[in-house]
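Below, each chain spelled out in residue letters.
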Amino acid sequence: MKKFLLTIVLFGVVFFIVDKGLILLRNAAPAKEVDKRLEMILNGQINADVLIYGSSRGARDILATQLGDTLQRSVYNLSYPGSGISFHEFLLKETLSKKNKKPSLVILSVDDPAELQENTNLNFRLDRLYPLVKYPEVRDVLVEQGHKNFLLSELFVVHQLNISNFDLAQKKFKPIDTLRADGSMPISFVDARFSHKFLNDTTYYDVKKELEPQRRSFLNFIDICKKNNIALLVVCTPNFYKPTIGFFDRMKSLVGNDANFMVYDTVKNVYAQHEEYFSDDVHLKINGAVIYTNELADYIRRNNLIK
Amino acid sequence: MLFNSIHFAIFLPIVFVLYWFVTNKNLKLQNMLLLVSSYFFYACWDYRFLFLLVFSTLLDYFTGIKMHDAKSKAGKKFWFWLSIGINLGFLGFFKYYNFFVQSFADMLEMTGLHVNIWTLKIILPVGISFYTFHGLSYVIDIYKDRIKPEKNFYEYAVFVSFFPLLVAGPIERATHLLPQIKKARHFDYTKAVDGLRQILWGLFKKIVIADTCAEYANAIFAGSHGYNGSTLALGALFFTFQIYGDFSGYSDIALGVARLFGIELLRNFAFPYFSRDIAEFWRRWHISLSTWFRDYLYIPLGGSKGGTFKKVRNTFIIFIVSGFWHGANWTFIIWGLLNALYIMPSILFKTNRNNLDTVAQGRIFPTIRELISMVVTFSLTVLAWIFFRADNLSHAMDYIKRLFSSSLFMMPNKKPFLATKAHPGVGLVLILFFIIIEWMGREQQYALATLGKSWHRTFRWAFYYILIIAIFLFIGKEQQFIYFQF
Chain A
1 MKKFLLTIVL
11 FGVVFFIVDK
21 GLILLRNAAP
31 AKEVDKRLEM
41 ILNGQINADV
51 LIYGSSRGAR
61 DILATQLGDT
71 LQRSVYNLSY
81 PGSGISFHEF
91 LLKETLSKKN
101 KKPSLVILSV
111 DDPAELQENT
121 NLNFRLDRLY
131 PLVKYPEVRD
141 VLVEQGHKNF
151 LLSELFVVHQ
161 LNISNFDLAQ
171 KKFKPIDTLR
181 ADGSMPISFV
191 DARFSHKFLN
201 DTTYYDVKKE
211 LEPQRRSFLN
221 FIDICKKNNI
231 ALLVVCTPNF
241 YKPTIGFFDR
251 MKSLVGNDAN
261 FMVYDTVKNV
271 YAQHEEYFSD
281 DVHLKINGAV
291 IYTNELADYI
301 RRNNLIK
Chain B
308 MLFNSIHFAI
318 FLPIVFVLYW
328 FVTNKNLKLQ
338 NMLLLVSSYF
348 FYACWDYRFL
358 FLLVFSTLLD
368 YFTGIKMHDA
378 KSKAGKKFWF
388 WLSIGINLGF
398 LGFFKYYNFF
408 VQSFADMLEM
418 TGLHVNIWTL
428 KIILPVGISF
438 YTFHGLSYVI
448 DIYKDRIKPE
458 KNFYEYAVFV
468 SFFPLLVAGP
478 IERATHLLPQ
488 IKKARHFDYT
498 KAVDGLRQIL
508 WGLFKKIVIA
518 DTCAEYANAI
528 FAGSHGYNGS
538 TLALGALFFT
548 FQIYGDFSGY
558 SDIALGVARL
568 FGIELLRNFA
578 FPYFSRDIAE
588 FWRRWHISLS
598 TWFRDYLYIP
608 LGGSKGGTFK
618 KVRNTFIIFI
628 VSGFWHGANW
638 TFIIWGLLNA
648 LYIMPSILFK
658 TNRNNLDTVA
668 QGRIFPTIRE
678 LISMVVTFSL
688 TVLAWIFFRA
698 DNLSHAMDYI
708 KRLFSSSLFM
718 MPNKKPFLAT
728 KAHPGVGLVL
738 ILFFIIIEWM
748 GREQQYALAT
758 LGKSWHRTFR
768 WAFYYILIIA
778 IFLFIGKEQQ
788 FIYFQF
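As you go down the protein sequences, you meet chains A and B in turn.
Residues in the first sequence are numbered from 1 upward in steps of one, following my numbering.
Residues in the second sequence are numbered from 308 upward in steps of one, following my numbering.
Since the hints were made in silico from the structure, they are not lab data.
Hints are not guaranteed to be accurate.
Computed cross-link-like contacts, PhoX-like style, restricted to lysine-lysine with a CA-CA straight-line distance of at most 20 Å [stated by the list, open to error]:
#1 K226/A - K174/A
#2 K722/B - K209/A
#3 K3/A - K760/B
#4 K209/A - K174/A
#5 K617/B - K2/A
#6 K451/B - K335/B
#7 K134/A - K171/A
#8 K498/B - K3/A
#9 K373/B - K384/B
#10 K383/B - K335/B
#11 K721/B - K174/A
#12 K373/B - K490/B
#13 K722/B - K174/A
#14 K2/A - K332/B
#15 K383/B - K451/B
#16 K490/B - K455/B
Here chain A stands alone, though its shape is the one from the complex (with noise of 0.2 Å):
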């Protein structure tokens, strides 16, 4: 028995150092990232008077330094491809509950119709939140999320880590995502999947599709806004069909009438006629993304929603 109990304390203590000396491989990760925007927000180094928020809609539709220059204010745009509401919620947290400036305005691009319903192309974006689990926040975020348990999150570094924090080459953009300086993600190609035929179909919301924690962080999102004194925009960029049919009223709906809360229904039927402004169904290509930018500056000014 001795020698038994022995051997494990051993084998404990052998594993303790290789676990510890993990915490270089933790910490050398964020320098290997090439999107900085989720580190400057834990490090509260946002400084901004507008905040966007959002998936690839908002990243690639929505031109931040063109909108800030017509607006007069700073903008940063902090939307990510493939991100669902919840993970914009953690984002919106994170920004006020570190030392970032406080914005007087946030921008919420919502995604008709899968805002709030069953999506694989809308998720919480753990892979831009590995890279940085040396810091607590993140970690406790994995914990709430269910993918790290607490204990061993505290207990062992290498618990902390995933599969991706072992790959040490310097990240690049893929040339889909190319990040501009103030944080937007225009993109100046056609998709080979775009069909080029405006969808002219009639679809409807269904509401029973709503997924109960996507409907709880939007609603969560909102009520951060009031809480914090911000006026909230949200937006649904233009997309290359037919608006489904009920999708605003139920944003409407859950926004509610605050006059701070706002939903700006900018799918005009326009853009039906000039697939030269579309790199797919759902994004803009920049030529779109310039004149959007532009109705949604002339539309924040026009209700004075920035005070």
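Knowing the structure of chain A, use the given hints to seat chain B on it.
For chain B alone, coordinates are given in the frame of chain A:
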């Protein structure tokens, strides 16, 4: 309390220390400790069902004694059928009541009669299929005069509820486990280290292989109507490794934990995916259940005696019953039926005992013939697992129809993998690593039994650390073991 939970990681060392340091001098105390810890372990799931376990234990304990003491054959028969009836009654009620009521209503519906059925929201007590079969084998063995009833209740209760095997087997026999419980146990360094090694390999199988494969398989099966054939083939493949990693991983942990307490449990898996025919597969998959059905159903039905018809009939019966044992769903029954069909050629041509040895014994690589046999057997198994995993029969049929379409040769869809933790390539690399290690250890009791034993301690430990690091990397939410639902 799951084997892959923090709670178990705390529970196990406490019981281990109490067992070897506090109660080590007294067998009665050791058994009492095992019993109390087993009941605590079970109560962690749902304390309400603890009474059912205790009742089942008491029932078989007393009917066993009564049967043995019965002066007449009729008396013996009475106690025997009382025990069988109550045991199967509980199992039938908790597991099959809704299934039978629903199926009856569906049948009437087909004849044009509409009935308002009365189904119940029944919670299935965890492990009921396993401990019921434990008890049944004990009672049948006494009835058949193969064993004498156990007079010591505590020892019998430990046999039924020993926590490593309580919720998902292996399904033990009184002849194998009871003598070990009755005998004084002394700490054995080699056995204990071996137990830890088997636990490590079991955890790796469950957390790294099964849970990772489960993510991919769940995503693909959930949206199977929208994916091409190659994606569905991947889904079936991932489920094939999920269920093996999950169940054999559980069994490895159970065997390893029992060994820490000086008890050897029955082996449940013997590298089934390296089988060269379906008969061999069934000698290597869930061995404790297969042998249970062989001994308590197939042989009493006449076994292979009495001509081809009887042999075929009995084979179909045990496979269908085995499918039904897994759950109250037609998918399991079809899965059993399909396996019965698979095994038929070897029954009819009497080749079912052709492959009794281990494939490529003493060699590194298999022959081309062996390789082809393994691939064919494996493919048939993968196909059958689709029924096992599908939500219902129409889901399974639709899955298979889409799988065997021209899109089988297209690139897999990306969509089901977008929401998963890791790239599907990671899953495939893990499966490859897993197959290699299993292949290297296929002549042993479990893959790591001797692997690395001859290496220098530095390399051996480095290998164990790699496995542990992988476990820590992949462990997330505590995932249930598939067989807990049975």
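Do the hints match the structure? See the list:
1. K226/A - K174/A: violated, 37 Å
2. K722/B - K209/A: Within the cut-off at roughly 19 Å; holds.
3. K3/A - K760/B: Roughly 17 Å between the alpha carbons, so the hint for K3/A and K760/B holds.
4. K209/A - K174/A: Violated, at roughly 33 Å.
5. K617/B - K2/A: At roughly 58 Å apart (the allowed maximum being 20 Å), K2/A and K617/B break the hint.
6. K451/B - K335/B: Not OK: K451/B and K335/B at ~29 Å, beyond 20 Å, violated.
7. K134/A - K171/A: holds, 18 Å
8. K498/B - K3/A: Holds, because 13 Å separates the two Cα atoms, which is no more than 20 Å.
9. K373/B - K384/B: holds, 10 Å
10. K383/B - K335/B: Distance of about 30 Å is beyond 20 Å: violated.
11. K721/B - K174/A: The given pair, whose Cα atoms are some 17 Å apart, holds under the 20 Å limit.
12. K373/B - K490/B: Violated, at roughly 25 Å.
13. K722/B - K174/A: holds, 19 Å
14. K2/A - K332/B: holds, 17 Å
15. K383/B - K451/B: Roughly 10 Å between the alpha carbons, so the hint for K383/B and K451/B holds.
16. K490/B - K455/B: Answer holds: K490/B to K455/B is near 17 Å, not above 20 Å.
Violated hints for the displayed structure, listed by number in ascending order: 1, 4, 5, 6, 10, 12.
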